[in-house]
Amino acid sequence: MTIERHRALAAFQWELRASLEFFLNNGWYGGTRDWSRLHEAQAAACGKSRSASPRGTDSPAEQAAWIADCYSQWVALSETLSSEGPAEVRCEAVDLSHYGEARLRRAIEGLAAAFDQSVESCLFAGLHGSMATLDYTPYSDIDALVVLTPEAATDPDRLLDIRRQTTRACSHLYAYDPLQHHGVFACTGYDLRYYPEAFLPLATLQRAKGFSGACSFDVAVRNSADEAHDNFRRVTSAILSRSALDLCKADARLVKLTLSACYLVPCLFLGAIGEFCYKGDSFGRIGTYIDRETLDVLTELSRIRDTWSFSQTFARYEGTLQRCGLSPRWIRRVARSTTDKLFLATLRERRELLDRIPAVVSAFVTALDRHEEGGTHVE
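-19 is the number of the first residue of the sequence shown in the numbering used here; add one for each residue after it.
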């Protein structure tokens, strides 16, 4: 297979999975979806003209039908993709006794209950990230993952049903942390057959824990160097577009989004050079590529997570959110109205440290440029 053909198929899979995730989360984390990107990727993968009219996407039913058709197409197209031999991923069960805080335990119970009605349509539904590995801090939000069966991915009615369950799940994510900047992560059994680690590293999947008990599934990794490179460039560009002054004027959600992106940069950098790893391990693996001063600043920035107190602030409003139906509108209103003063005070204290975020991120950009030019180590 030519490089161009591989890239066309990989781009179609990438846009299709992202469209599925947006559809299932029903707009919880804001923003809009440019469905023309999926149309263009689909046309390129099928060797068709991009000028053809895209499918209608005005209603959830239309979106579900298009996604199902795309996955049906993907079955035949993906037969020409190459991947490594499958690796078995074994996930332990979520143990609620490990979550001592009542609000957190209620949120995870709510997530499990939401997906309990979709068990037959899911290869996996559970936690990943720090909530799964139990090294979470007061800063941590909840990372949830759902992997749909191939049958569910190609059935519009089942997609609509899972969308309803995922919408319910998102209400529990955002009730726990209204500043959360993502919904439920999603992929399908088809994606596992030609799996791009740029989505979630294999090491992250291997640490995940299931809501319905222990389980296992096979994952065959494919080359996703282009996607990993694009992820790194996209996130670092977004961070560098904001200054510390911008953050001091911003609402709480943008502040946490920026900090979380900064904490993710080491993991994205390692993925961009082909060393995919679990995010929690990334800080310990970048010393070869990044100078000591940058590492020290990054470590100091990461300590903000250990003293984060806003989850306790939100706890006072949990009853109000429950009565309002846990809608995105009400949760975002609470996030804006209860945290801005607290954040402004905190940011004034941390202004000097926040001023160094661009330098930290730029050091990683320079390190990737150096790596692509043939060098790997800090001089």
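There may be inaccurate statements among the hints.
Label pairs and their computed distance ranges (CB to CB) [claimed, not checked]: (1) A194 / T117: 23 to 31 angstroms; (2) E353 / M(-19): 39 to 47 angstroms; (3) E72 / F263: 22 to 30 angstroms.
Read the hints as simulated data drawn from the structure, not as lab findings. From the three backbone atoms N, C-alpha and C, an ideal C-beta is built for every residue, glycine too.
Q: For E353 and M(-19), compare the CB-CB distance with the range 39 to 47 angstroms and indicate the outcome.
A: Given a distance of about 28 angstroms, which is not inside 39 to 47 angstroms, the answer is violated.
Q.
Between the beta carbons of E72 and F263, is the distance compatible with 22 to 30 angstroms?
A. Holds - the Cβ-Cβ distance for E72 and F263, about 24 angstroms, lies within 22 to 30 angstroms.
Q. Do the Cβ positions of A194 and T117 conform to the proposed distance bound of 23 to 31 angstroms?
A. The hint (23 to 31 angstroms, Cβ to Cβ) holds, given that A194 and T117 are roughly 26 angstroms apart.
The earlier numbered hint that this structure contradicts is number 2, and it is the only one.
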